[in-house]
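> Here's the letter readout for the chains.
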Amino acid sequence: DAGVIQSPRHEVTEMGQEVTLRCKPISGHDYLFWYRQTMMRGLELLIYFNNNVPIDDSGMPEDRFSAKMPNASFSTLKIQPSEPRDSAVYFCASSAWDRGTEQYFGPGTRLTVT
Amino acid sequence: AQKVTQAQTEISVVEKEDVTLDCVYETRDTTYYLFWYKQPPSGELVFLIRRNSFDEQNEISGRYSWNFQKSTSSFNFTITASQVVDSAVYFCALSPYNNNDMRFGAGTRLTVKP
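Chains as they are written, first to last, in this note's numbering: chain A, 15 to 128; chain B, 13 to 126.
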């Protein structure tokens, strides 16, 4: 079975540019999560969706960040405009409907903003 | 408020030694889930175990074992006869029973030397 798929795996961009990260959850999973991992702050939950609907976006750092889930098999995390402090590894994860079940993570996207 | 503390930032052992990774948590919820994840040098997050708060039975899976003690709010992870391939960062995490707001500890970096 395919796991969570993320693209791109690496992204290098200049400050001020728009960045779009993509995620395909595991088929049949109805929860999707976006996390950010940095050395300073560790793993932070940014936002999560249930059945394509955003449930909690309190972790989104600021208005420059936005996330969408247009259907059950695709989600995007967009940063516009990007800043050097956005440099991090961004993970997407998905889980099944029963609450608290384990989340399965994608390989991550390493974003570098210069 | 939920909080997960992994006091050990780094641990180094020699192959075949046993090692225990500590995890202490705080929550006001009466029901919750606890997790352990492994992040090897390749960067992906690998799910290891989920434990329900109402099930305090210890669990063993091969060389891995977990000790859940509600009285001390701890969920420790022991690797028996460690191997070089066990070298990774290990994360403990907590989520309430009624939502998916998973909180991760800061992680413990385990290095197993040959």
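What the hints contain is simulated information worked out from the structure, not anything from laboratory work. It is possible that part of the hints are untrue.
Across the chosen pairs, the derived CB separations fall in these ranges [said to hold, decoys possible]: (1) LYS125(B) with GLU58(A): 47 to 55 Å; (2) LYS82(A) with LYS125(B): 21 to 29 Å; (3) ALA13(B) with SER41(A): 33 to 41 Å; (4) PHE66(B) with GLN31(A): 17 to 25 Å; (5) ASP70(A) with PHE66(B): 20 to 28 Å; (6) ARG75(B) with GLU32(A): 44 to 52 Å; (7) PHE66(B) with THR34(A): 39 to 47 Å; (8) VAL26(B) with GLU28(A): 44 to 52 Å; (9) GLU58(A) with ASP41(B): 14 to 22 Å; (10) THR42(B) with GLY73(A): 43 to 51 Å; (11) GLY17(A) with ASP41(B): 25 to 33 Å; (12) GLY73(A) with ARG62(B): 20 to 28 Å; (13) LYS28(B) with LYS82(A): 27 to 35 Å; (14) ASP44(A) with GLU71(B): 46 to 54 Å.
Result set (DSS-like, lysine-lysine): computed pairs, CA atoms no more than 30 Å apart in a straight line [claimed, not checked]: (15) LYS82(A) with LYS38(A); (16) LYS50(B) with LYS82(A); (17) LYS82(B) with LYS15(B); (18) LYS50(B) with LYS28(B); (19) LYS50(B) with LYS15(B); (20) LYS82(A) with LYS92(A); (21) LYS125(B) with LYS38(A); (22) LYS92(A) with LYS28(B); (23) LYS125(B) with LYS92(A); (24) LYS125(B) with LYS28(B); (25) LYS92(A) with LYS38(A); (26) LYS15(B) with LYS82(A).
Where chain A lies over chain B, by a calculated footprint (3+ residues, C-beta under 8 Å) [said to hold, decoys possible]: (27) 56-63; (28) 102-114.
Note that the Cβ used here is the ideal one computed from N, Cα and C, for glycine as well.
> Would you mind marking each hint as holding or not holding in the structure?
Structure-based check of all given hints:
no.	hint	verdict
1	LYS125(B) with GLU58(A): 47 to 55 Å	31 Å, violated
2	LYS82(A) with LYS125(B): 21 to 29 Å	46 Å, violated
3	ALA13(B) with SER41(A): 33 to 41 Å	35 Å, holds
4	PHE66(B) with GLN31(A): 17 to 25 Å	49 Å, violated
5	ASP70(A) with PHE66(B): 20 to 28 Å	25 Å, holds
6	ARG75(B) with GLU32(A): 44 to 52 Å	46 Å, holds
7	PHE66(B) with THR34(A): 39 to 47 Å	42 Å, holds
8	VAL26(B) with GLU28(A): 44 to 52 Å	46 Å, holds
9	GLU58(A) with ASP41(B): 14 to 22 Å	20 Å, holds
10	THR42(B) with GLY73(A): 43 to 51 Å	25 Å, violated
11	GLY17(A) with ASP41(B): 25 to 33 Å	29 Å, holds
12	GLY73(A) with ARG62(B): 20 to 28 Å	22 Å, holds
13	LYS28(B) with LYS82(A): 27 to 35 Å	49 Å, violated
14	ASP44(A) with GLU71(B): 46 to 54 Å	27 Å, violated
15	LYS82(A) with LYS38(A)	12 Å, holds
16	LYS50(B) with LYS82(A)	28 Å, holds
17	LYS82(B) with LYS15(B)	15 Å, holds
18	LYS50(B) with LYS28(B)	19 Å, holds
19	LYS50(B) with LYS15(B)	19 Å, holds
20	LYS82(A) with LYS92(A)	8 Å, holds
21	LYS125(B) with LYS38(A)	37 Å, violated
22	LYS92(A) with LYS28(B)	45 Å, violated
23	LYS125(B) with LYS92(A)	41 Å, violated
24	LYS125(B) with LYS28(B)	9 Å, holds
25	LYS92(A) with LYS38(A)	15 Å, holds
26	LYS15(B) with LYS82(A)	28 Å, holds
27	56-63	holds (count 5)
28	102-114	holds (count 9)
Against the hints set out earlier in the document, violations occur for numbers 1, 2, 4, 10, 13, 14, 21, 22, 23.
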